[in-house]
Amino acid sequence: MSGGGLHPAHSFTEEARENLRNRQLRANLGFATKTIREKRLRVTQELPDWEDLRLQGAAIKDEALASLSENLLQLEARVQAAGGQVHWARDAAEAREIVTALIQKHGAKEVVKVKSITTDEIELNKGLEEHGIHAIETDLAELICQLAGDAPSHILVPAIHKNRTEIRDLFRDKLGADLPTDDPAKLADAARTYLRQKFMSAKVAISGANFAIAETGTVCVFESEGNGRMCLTLPEVLITVMGIEKVLPHWEDMAVFLRLLPRSSTAERMNPYNSFWTGVHPGDGPKEFHLVLLDNGRTNVLASPVGRQTLRCIRCSACLNVCPVYERTGGHSYGSVYPGPIGAILTPQLLGMRDQNANTLPYASSLCGACVEVCPVRIDIPEVLIHLRGETSKSWFERMAMRFVARAMSSPGRFLRAVKLARFGQKFFVRKGVIRKAPGLGGWTASRDLPALPQQSFREWWKESRGRES
Amino acid sequence: MGLLVATIDLFITCLNDALFPRTGVAMVTLFERLGHVVRFNAAQTCCGQMHLNSGYREEALPLIRRFVDTFSGAEVVVAPSASCVAMVREMYVKAAEEAGDNALAARATELAGKTFELSEFLVGQLAIVDVGAYFPHRVTYHPTCHSLRLLKVAEAPLQLLRNVKGLELVDLKVADQCCGFGGTFSVKNPETSTAMMVDKIGNIEDTGAEFCVAADNSCLMHLGGGFSRKGSPIKTIHLAEILASTETS
Numbered sequence: 001m002s003g004g005g006l007h008p009a010h011s012f013t014e015e016a017r018e019n020l021r022n023r024q025l026r027a028n029l030g031f032a033t034k035t036i037r038e039k040r041l042r043v044t045q046e047l048p049d050w051e052d053l054r055l056q057g058a059a060i061k062d063e064a065l066a067s068l069s070e071n072l073l074q075l076e077a078r079v080q081a082a083g084g085q086v087h088w089a090r091d092a093a094e095a096r097e098i099v100t101a102l103i104q105k106h107g108a109k110e111v112v113k114v115k116s117i118t119t120d121e122i123e124l125n126k127g128l129e130e131h132g133i134h135a136i137e138t139d140l141a142e143l144i145c146q147l148a149g150d151a152p153s154h155i156l157v158p159a160i161h162k163n164r165t166e167i168r169d170l171f172r173d174k175l176g177a178d179l180p181t182d183d184p185a186k187l188a189d190a191a192r193t194y195l196r197q198k199f200m201s202a203k204v205a206i207s208g209a210n211f212a213i214a215e216t217g218t219v220c221v222f223e224s225e226g227n228g229r230m231c232l233t234l235p236e237v238l239i240t241v242m243g244i245e246k247v248l249p250h251w252e253d254m255a256v257f258l259r260l261l262p263r264s265s266t267a268e269r270m271n272p273y274n275s276f277w278t279g280v281h282p283g284d285g286p287k288e289f290h291l292v293l294l295d296n297g298r299t300n301v302l303a304s305p306v307g308r309q310t311l312r313c314i315r316c317s318a319c320l321n322v323c324p325v326y327e328r329t330g331g332h333s334y335g336s337v338y339p340g341p342i343g344a345i346l347t348p349q350l351l352g353m354r355d356q357n358a359n360t361l362p363y364a365s366s367l368c369g370a371c372v373e374v375c376p377v378r379i380d381i382p383e384v385l386i387h388l389r390g391e392t393s394k395s396w397f398e399r400m401a402m403r404f405v406a407r408a409m410s411s412p413g414r415f416l417r418a419v420k421l422a423r424f425g426q427k428f429f430v431r432k433g434v435i436r437k438a439p440g441l442g443g444w445t446a447s448r449d450l451p452a453l454p455q456q457s458f459r460e461w462w463k464e465s466r467g468r469e470s
Numbered sequence: 001m002g003l004l005v006a007t008i009d010l011f012i013t014c015l016n017d018a019l020f021p022r023t024g025v026a027m028v029t030l031f032e033r034l035g036h037v038v039r040f041n042a043a044q045t046c047c048g049q050m051h052l053n054s055g056y057r058e059e060a061l062p063l064i065r066r067f068v069d070t071f072s073g074a075e076v077v078v079a080p081s082a083s084c085v086a087m088v089r090e091m092y093v094k095a096a097e098e099a100g101d102n103a104l105a106a107r108a109t110e111l112a113g114k115t116f117e118l119s120e121f122l123v124g125q126l127a128i129v130d131v132g133a134y135f136p137h138r139v140t141y142h143p144t145c146h147s148l149r150l151l152k153v154a155e156a157p158l159q160l161l162r163n164v165k166g167l168e169l170v171d172l173k174v175a176d177q178c179c180g181f182g183g184t185f186s187v188k189n190p191e192t193s194t195a196m197m198v199d200k201i202g203n204i205e206d207t208g209a210e211f212c213v214a215a216d217n218s219c220l221m222h223l224g225g226g227f228s229r230k231g232s233p234i235k236t237i238h239l240a241e242i243l244a245s246t247e248t249s
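Same order as they appear, the protein sequences are chains A and B. Per the working numbering, the very first residue in the first sequence carries number 1; after that it's consecutive. Per the working numbering, the very first residue in the second sequence carries number 1; after that it's consecutive.
Hints are not guaranteed to be accurate.
Said to hold, decoys possible - In the SDA-like style, the derived pairs of lysine to any residue whose C-alpha atoms are separated by at most 25 Å in a straight line are:
#1 Lys230/B to Glu247/B
#2 Lys126/A to Gln104/A
#3 Lys432/A to Lys235/B
#4 Lys94/B to Gln104/A
#5 Lys173/B to Arg162/B
#6 Lys94/B to Lys432/A
#7 Lys188/B to Ala58/A
#8 Lys188/B to Glu398/A
Simulated from the structure, these hints should not be mistaken for laboratory data. All values derive from a computational prediction rather than experimental measurement.
All chains should be modelled from the sequences, with the hints used to inform the complete structure.
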């Protein structure tokens, strides 16, 4: 089933090693990320004020986060005034309990869901299943993941790891669909037939939210398929689970994010479906609306001066599509519902830097900085990665090695002695000017030769040729 | 008219000092040919990038202090490494502020203003694009991440290379994607690093170039190590070495 929570089962290094062997996955990812990357570049370049929009986006989010508690209390008051109900959840377990109790109150055994990464974060589907409630994913890609029993591998293109043929086989097998070809239109038809029936019969719907506006009490969801719109409007009861960082103070802030988000995510000028709702309205849409506000580690992230910029994230996934590490290792390597560069900083922080597997994520980057250039809210991901690396515990061997190097670099004399020592030591391993294998260098030499240290360092050459130290 | 500089302080970087002295020698040759006085302050060791980027803030700070002490009196500091220059320019002040050392932050800010990567110094500060070099080979240029994204040095190396006599410059596909080195990333996540390297190497091979040139020997060491392991005839070379080459050398 879809939704894997936050806790990685293994280290990034182990997961990546495994996933790198999957050639089909790498081909799918390479093609998909390249396509979205190029499209994003085109649609952002056509806006002359794109860089200003990014600055505004970052500033609005920073302002919203600086007065988070006021914004949340105002949101609560406005939602209640419009006939909605607001629930506060400290962590994933509390959020699951709240949602489960609400569904049970209405006696529903089957609920429809609009794609929501936040509900995946709290492993809601699994929690509901334990109470005999089946949640049906209605986003096409999420449905594919759910039917396949896979976790989503991309924030926005959750089934990016699957190709058409694999999907056809899945629909034949799980939906009993009659599919002679893997024509995309026919695949979509099969899913539509199945889902329409579910929309008409479900009493309760569950959604996430892209943003909420404090001053009006409005919540919104942007999507491409219209399945979200059906979830949000057809069932009698709507339950929205939202991370507390998604609240914005003003209605006019949407003017910035409605331009930033679609261009950064699906590389569209606007999302096909933009749904906004404020509480409930008699005779129109759900009769009951519940907003569940989720912390689940977010206030800890907010407490860190370097780390808090992570909460600006609007889940566009632009950083995934430009990341050379993500492009090769895929979303599953990150072991959390938040993959890619943003996941590498968000997951370990949400877990309070206490999860050993999640703490390997800040190292899943060459610090190339491609993510910084595309982030619509200008999160300096490498800056946060470096900061978080400082917060993780390291192996004894690594600490000793790094201290040794730091000590050697503490004076030119020590540095030169260390170079001479290494020059002596390498004699046993150098063949034809390179080292192909040596103890302790396996990480490097498994795939690369290491050049041998030349007989004279620069400083020795300088001293010899100039006859002086400087 | 370019900037008048009395003395150029060379920041050779620890990696070049120990492993690629020929790049440092090329810097000396090049600047002296252009009529400049160069100095190598032997008190220099390492800028501390490896430690800071690997999560060893405490170990990095003394190296940062040493670097600032060593080069504070310099007129300009020029290095054959975009990555190390980016460390000095982009990270020093932040690291000092995070450590609560305002005096160090102030000195680092001053130093950042006069520290340059080789190509940006030649083109941006000295206003030279033709250094009188000769290198009769087919060459492709790999823009390293820190030159491109931190220093924003995109055009300068290409301008310099286009003016090298005899040199045929060929475009590299997906040039702006990382080669996979990433410092300690290359040994902490060797499989991922290698997957990135394999793609980069493939793109370099597709150019038919004899040499791959870049502004950082760290990335070149990684790519060169891959070429060497593969038995490929393609060689890696630092930009300074091409610019130092002449018809007589």
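Take the C-alpha atoms of Lys126/A and Gln104/A, compute the straight-line distance between them, and say whether it is at most 25 Å.
OK: Lys126/A and Gln104/A at ~15 Å, within 25 Å.
Satisfaction of hint between Arg162/B and Lys173/B, Cα-Cα up to 25 Å
Roughly 18 Å separates the two Cα atoms, so the pair holds.
Is the Cα-Cα distance between Lys94/B and Gln104/A 25 Å or less?
Violated: Lys94/B and Gln104/A sit about 52 Å apart, past 25 Å.
Measure nothing beyond the straight line between the CA atoms of Lys188/B and Glu398/A; if it is 25 Å or shorter, mark the hint as holding.
holds (10 Å)
Holds or violated: Lys188/B to Ala58/A, with C-alpha atoms at most 25 Å apart
violated (32 Å)
Quickly compare the C-alpha distance for Lys432/A and Lys235/B to 25 Å and report which way the hint goes.
With Cα atoms ~15 Å apart, Lys432/A and Lys235/B stay inside 25 Å; holds.
Below or equal to 25 Å on CA atoms is what counts here, so check Lys94/B against Lys432/A.
violated (43 Å)
Below or equal to 25 Å on CA atoms is what counts here, so check Lys230/B against Glu247/B.
Cα-Cα ~31 Å, so violated.
Figure legend: structure checked against the earlier numbered hints; hints not met, in rising order: 1, 4, 6, 7.
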